[in-house]
Structures are given as structure tokens and as C-alpha cells.
Amino acid sequence: EDQVTQSPEALRLQEGESSSLNCSYTVSGLRGLFWYRQDPGKGPEFLFTLYSAGEEKEKERLKATLTKKESFLHITAPKPEDSATYLCAVQALNNDMRFGAGTRLTVKP
Amino acid sequence: DVKVTQSSRYLVKRTGEKVFLECVQDMDHENMFWYRQDPGLGLRLIYFSYDVKMKEKGDIPEGYSVSREKKERFSLILESASTNQTSMYLCASSLLINEQFFGPGTRLTVL
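First to last, the protein sequences are chains A and B. Going left to right, the first sequence walks through residues 3 to 111 as the working numbering numbers them. Going left to right, the second sequence walks through residues 3 to 113 as the working numbering numbers them.
Read the hints as simulated data drawn from the structure, not as lab findings. Be a bit skeptical, because a hint or two may be false.
[Unchecked claim] Below, simulated DSSO-like cross-link-like pairs (lysine-lysine); rule was C-alpha separation at most 30 Å, straight line:
1) K5(B) - K61(A)
2) K44(A) - K20(B)
3) K65(A) - K81(A)
4) K55(B) - K73(B)
5) K81(A) - K5(B)
6) K71(A) - K73(B)
7) K5(B) - K59(B)
8) K5(B) - K59(A)
9) K44(A) - K72(B)
10) K44(A) - K5(B)
11) K44(A) - K110(A)
12) K59(B) - K15(B)
13) K15(B) - K5(B)
14) K44(A) - K55(B)
15) K5(B) - K65(A)
16) K15(B) - K55(B)
17) K57(B) - K73(B)
18) K15(B) - K44(A)
19) K59(A) - K81(A)
20) K81(A) - K61(A)
21) K71(A) - K59(B)
22) K44(A) - K59(B)
23) K73(B) - K44(A)
24) K5(B) - K73(B)
25) K44(A) - K59(A)
Looking at chain A on its own, in the form it has when it is part of the complex:
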């Protein structure tokens, strides 16, 4: 069965303290891996799509990378406005989509 596990569940950082969020997955053939940001009480906002191992995408302080078993979301010099829950989702070749439970990031000034 396709599974997506995100770690840690929660992460507290000081402003400027870089770190990484992990998304481990098992899927019967990967079509794409997606990262979303979700603010409290709002719908998820699309960030990145990764399709194959070795691929990287960047947006401001965020960089997503992909291997055959996991993806990382690297946050460089975070700011308080980066505080949110970050969701990872995996789409299999049969188009089934599985979401992880998310990592709740808090960045303190």
C-alpha cells in the first residue's frame, strides 16, 4: 500500500536557523511528489512538484529535493512568516494521491 510519512511532526526554529523537513514514501511507481504550505484555517497552497530522483526545485528560502525513497524540504535562514504546516503528497502511476500528515514549523524571531 502507498504510504507517506513526514518527520518531524513539529519543528521549532530560531529565525535564521536553517533546517530540513523529511517526507519518506513507498509507492508502486512514482508519477510526482508535491509540497504544499498550509496556514492555520486555510487550504493548502501549492509549492513544488518533483518528478524524478535527483530533481531539485527552489523558491525563495525553500528548496525541495527528491530521491527514490524520500524528499527533503530545506529551509535556509527561515523567517517568522515561514511558520506554517508543510504537507507532502505522492501521486502514483495509477494517479492515486496520498498526503502525509504534515510538519508544523514554527520560526521564532
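With chain A's structure known, arrange chain B on it following the hints.
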């Protein structure tokens, strides 16, 4: 920019009531989805639709039905609301097999 709108941000209903949640997207997407999101459980797919009048069950369809009469509109129906259906409901749309774009969500409370 893709815009997905949902009919209500907050909704309070009583047990046994029939509940309609509506979702509209303005980007001519083929696919539309309904999820519920609960703490610790993540997003769980209730139903999805890949074309007008077409629907497919997701992981947790029990107690729900859907309607897609027009391409831009996808409705979720709770035939007889129960307290265990208290949740955040999220609608999404996508073009074929690409990333999904989400609406703002409806927080439903069933008393």
C-alpha cells in the same frame, strides 16, 4: 491564477440534517476532489470526479455523496449529518494528473 472557492468558511449543523458543501473552480480543470482534514490524520480523500457527471469513491466515502452537473462545480452532500463528520472539508481541482489547487476550506461542526 487558479481560484477555487467554497460556499462557506464556517458551518454549524445539527445531527440528522442534510448538508450541502459547494465548490467552484474557474480554470476549466477536469478533475475535482473533496477531502476532509482532521488533526493527526492528514487529508483523506472522500470522492473525486474526472468529468461532468462522473464520480469515483475515495478512501472514506461512507456517509457522503457528490454531484457534478457542470465542469466548474462539485458538490459534497452529507445525507444525514453525524457528529463524527465534524471536520475541515477541502475542495481541490487539477488539470489532468498535475498538482491540485485547494479552496480555503469549510469548517463544519455537527452538534
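So, going through the hints one by one against the coordinates:
1. Taken as a hint, the K5(B) and K61(A) pair is honoured in the structure, with Cα atoms around 21 Å apart against an allowance of 30 Å.
2. About 24 Å separates the Cα atoms of K44(A) and K20(B), which keeps this hinted pair within 30 Å; it holds.
3. The straight-line distance between the Cα atoms of K65(A) and K81(A) is roughly 15 Å, inside the 30 Å bound, and the hint therefore holds.
4. For the proposed pair K55(B) and K73(B), the alpha carbon gap of about 9 Å is at most 30 Å, so the pair holds.
5. The hinted pair formed by K81(A) and K5(B) meets the criterion: a straight-line CA distance of about 27 Å does not exceed 30 Å.
6. Only pairs whose Cα atoms come within 30 Å are accepted, and K71(A) paired with K73(B) is rejected, the gap being roughly 36 Å.
7. Between K5(B) and K59(B) the CA atoms are separated by roughly 24 Å; this keeps the pair inside 30 Å, and the hint holds.
8. Restraint check for K5(B) and K59(A): satisfied, since their Cα atoms lie roughly 24 Å apart, inside the 30 Å limit.
9. Distance restraint check for K44(A) and K72(B): the Cα-Cα separation of roughly 25 Å lies within the 30 Å cut-off, and the hinted pair is therefore satisfied.
10. A hinted pair counts as satisfied when its Cα atoms are at most 30 Å apart, and K44(A) with K5(B) qualifies at roughly 14 Å.
11. For a cut-off of 30 Å, the pair hint linking K44(A) to K110(A) stands: about 21 Å separates their Cα positions.
12. For the proposed pair K59(B) and K15(B), the alpha carbon gap of about 24 Å is at most 30 Å, so the pair holds.
13. Between K15(B) and K5(B) the CA atoms are separated by roughly 27 Å; this keeps the pair inside 30 Å, and the hint holds.
14. Taking the CA atoms of K44(A) and K55(B), the gap is about 28 Å. The hint holds against a cut of 30 Å.
15. For the hint linking K5(B) to K65(A), the alpha-carbon distance of about 25 Å falls within 30 Å, and the restraint holds.
16. Of the pairs offered as hints, the one joining K15(B) and K55(B) holds, with about 27 Å between alpha carbons and a cut-off of 30 Å not exceeded.
17. With a C-alpha separation of about 12 Å, the suggested pairing of K57(B) with K73(B) holds against the 30 Å cut-off.
18. Distance check on the hinted pair: K15(B) and K44(A) sit about 21 Å apart at the alpha-carbon level, within 30 Å; holds.
19. Distance check on the hinted pair: K59(A) and K81(A) sit about 20 Å apart at the alpha-carbon level, within 30 Å; holds.
20. Under the criterion of a C-alpha separation no larger than 30 Å, the hint pairing K81(A) with K61(A) is consistent with the structure, at around 14 Å.
21. At roughly 28 Å between alpha-carbon atoms, K71(A) and K59(B) fall within 30 Å of each other, so this suggested pair holds.
22. For the proposed pair K44(A) and K59(B), the alpha carbon gap of about 25 Å is at most 30 Å, so the pair holds.
23. Between the alpha carbons of K73(B) and K44(A) the distance comes to roughly 24 Å, so the proposed pair stays at or under 30 Å and holds.
24. Restraint check for K5(B) and K73(B): satisfied, since their Cα atoms lie roughly 14 Å apart, inside the 30 Å limit.
25. Taking the CA atoms of K44(A) and K59(A), the gap is near 24 Å; set against the 30 Å cutoff, the hint holds.
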